[in-house]
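Can you build the whole structure from these sequences, using the hints too?
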Amino acid sequence: MLDWSEYNRWLSSAIKTLESAEKDEDFNWACFKAEQSAQLAVKALLFLLGKPYIGHDLLTLLERTEVQLSSEIVECASFLSKVYIPSRYPDALPEPLTPHLAFTSEDKRKAIECARKIIDLVKSVGEDLRRKEKEEG
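Numbering of the sequence shown is given in UniProt numbering, commencing with residue 1 and proceeding in unit increments.
Keep in mind that the hints are not guaranteed to be accurate.
Pairwise CB distance ranges, derived in the manner of DEER restraints [what the hints assert, rightly or not]:
#, residue 1, residue 2, range
1, Ile54, Asp120, 23 to 33 Å
2, Asp26, Leu59, 20 to 30 Å
3, Asp57, Thr104, 53 to 63 Å
4, Ser78, Ile54, 16 to 26 Å
Read the hints as simulated data drawn from the structure, not as lab findings.
Note that CB positions come from ideal geometry on N, CA and C, so glycine has one too.
This is the structure:
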């Protein structure tokens with residue numbers, strides 16, 4: 001049985017987090033929030049499928065869904081994973097950089113675009129599953 005309640009709860013959090021990323025003028029925090037929004041969305045799908053998983057690597061999370069992944073989605077997951085730590089921690093960057101200096105408006109744009117693609121994938125899979133459930137039930 002599909003867990004729509006948990007799916008909706010996590011997907012709603014993903015969407016709100018992406019909206020916050022879009023408004024954030026600190027590029028590093030916008031990138032981090034974009035990555036978080038993608039993680040939340042993929043975890044929503046995992047809950048829906050009855051495969052909850054603790055972890056933070058986007059590609060691993062996506063692979064656990066067993067959804068066919070395009071090269072674009074894989075590339076986006078890889079990009080977002082690369083900003084996950086350095087967007088917050090100075091020791092993940094070469095000196096003298098700090099997170100607020102290391103990230104650009106282009107990084108923010110790409111992170112938000114990638115997160116949106118992953119959220120859209122999750123929504124599409126969710127809609128397909130809902131349709132199949134109605135047809136069968």
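Hints, verified against the model:
no. : hint                       : verdict
1   : Ile54 x Asp120: 23 to 33 Å : holds, 24 Å
2   : Asp26 x Leu59: 20 to 30 Å  : holds, 26 Å
3   : Asp57 x Thr104: 53 to 63 Å : violated, 24 Å
4   : Ser78 x Ile54: 16 to 26 Å  : holds, 21 Å
In the structure shown, a violation is registered for the earlier hint numbered 3 alone.
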